[in-house]
Each structure stands twice: as C-alpha cells, then as structure tokens.
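S.K.: What follows is each chain in one-letter form.
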Amino acid sequence: NAGVTQTPKFQVLKTGQSMTLQCAQDMNHEYMSWYRQDPGMGLRLIHYSVGAGITDQGEVPNGYNVSRSTTEDFPLRLLSAAPSQTSVYFCASTGSRANTEAFFGQGTRLTVV
Amino acid sequence: GQQVMQIPQYQHVQEGEDFTTYCNSSTTLSNIQWYKQRPGGHPVFLIQLVKSGEVKKQKRLTFQFGEAKKNSSLHITATQTTDVGTYFCAYGGATNKLIFGTGTLLAVQP
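Chains as they are written, first to last, in the working numbering: chain A, -19 to 93; chain B, 11 to 120.
With the rest of the complex left out, here is chain A (with noise of 0.2 Å):
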C-alpha cells in the first residue's frame, strides 16, 4: 500500500522555467491537497480538490496552477519559476468522510535559482 506518492523528491529550477510536480493516491480518496512549507510558517495551503474535475484555492495559490483529472493524481505546476518558490511541497490526500486525518507524501524540495 504505497499511500501518497510524491515525485520528484527534489528539484533545482533556474528562475522562468516550468516543472509539474506530481503526486499520486492509491486510497480511493476524494479529497487532495497540496501545502508549502517554509521555516516558521508553516504550511500553507496551495490549491485542493474535492474530487475529480473540481479545483479551488488556497491561502497562497498565485503562481501555482493545478487540475484533477483523475481520482488518484493532482499535479501541481510551477509556470514560470520564481526564488520565491522556493520551499518544500506536500501532497496530501483525505477520505471522504469529514474529519477525518490527511495522509502526506514524502514532499518535493524545490529550490529556484
């Protein structure tokens, strides 16, 4: 049972270039996240999805585009790479049921340069 899969585990962008980060749910669950960590805040929600075809924002989506085309995969795209993205990124994924615990990847460290 391989849970959230996130991948790359880590990447070095030069500042303009583009990248999706991918992310993958082998439960069955509805609801998917993807969250920003950064020393002393955090984590902050990007985007999230309810379900398949059904997207919306977060605390700090600008600069981050995503889609859900299928239950088990919510890719996160960074189109046109700034410093300031730099972070590290987790992919989390919920049952459908309210309340109840997020399960996360193995995050993606980011640094743009």
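Simulated from the structure, these hints should not be mistaken for laboratory data. Treat the hints loosely; a few may be bogus.
[What the hints assert, rightly or not] The calculated DSBU-like cross-link candidates involving lysine-lysine, where the alpha carbons are at most 35 Å apart (straight line), are: (1) B:107 to B:67; (2) A:-11 to B:107; (3) A:-11 to B:69.
Note that this is a predicted model, so its numbers are computed, not measured.
Given the coordinates of chain A, assemble chain B onto it according to the supplied hints.
M.R.: Quick look at chain B alone, frame taken from chain A:
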C-alpha cells in the same frame, strides 16, 4: 480570514520534563487535528477532537479541545528523545480543507 496561532514557536526541554503547545483561534472551530512532523519527514496525523471540552489521551500525550472550541492544547508528559519534531494543529471543515497552525518545534536534550 480565520487564523490559528500556535505557541510557543520553539521549546527546548530536558528529557523527562513536560511539554505543552497551544493552539488559539479567533473564531469557533468545528474540529481540531494534531500532527507531528519529525525532522526531515512529513506530517503524520496524531488525533482529531470534535466535541467541546473533549480530552483524549495517547500514552504520554494528552489532547484537549476548549469549551468554546476556540483553543486546543497538546501536553506531553515526561518527554523522550523520540518526541523531537514539530507539532502542528490544523482545522478543517466539511470539504476537508485543512488549514494548519504555524507549528511548535520541540527539542529534547538527553
């Protein structure tokens, strides 16, 4: 928007001492969850509290949800080096959109 403040930001204790972190909201929360993140790791769910005044225990960890459902606390009795990490509170709603507090980093000196 709704904000959750967590204090302290950092706590250093000697092994065997107790530790408490607090989570405070300006508005009433429907529920509160607690997560632990080991250094270099990812957040792992510890517990969820839903009812006003609820108290739950997990071995040396005691979790409380305030009567007004605006604050919560996590207390660790007799800390061990395995307790090292960052503890986060988080609140969510019907859509499971989880918003996290800023976290408390716990360091335990042997």
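S.K.: Does the structure keep residue -11 of chain A and residue 69 of chain B at a Cα separation of 35 Å or less?
M.R.: Given pair residue -11 of chain A, residue 69 of chain B holds - Cα atoms ~33 Å apart, limit 35 Å.
S.K.: Tell me if the straight-line CA distance from residue 107 of chain B to residue 67 of chain B falls inside 35 Å.
M.R.: holds (25 Å)
S.K.: Does residue 107 of chain B sit within 35 Å of residue -11 of chain A, going by the straight-line distance between their CA atoms?
M.R.: holds (24 Å)
No hint from the list above goes unmet by this structure.
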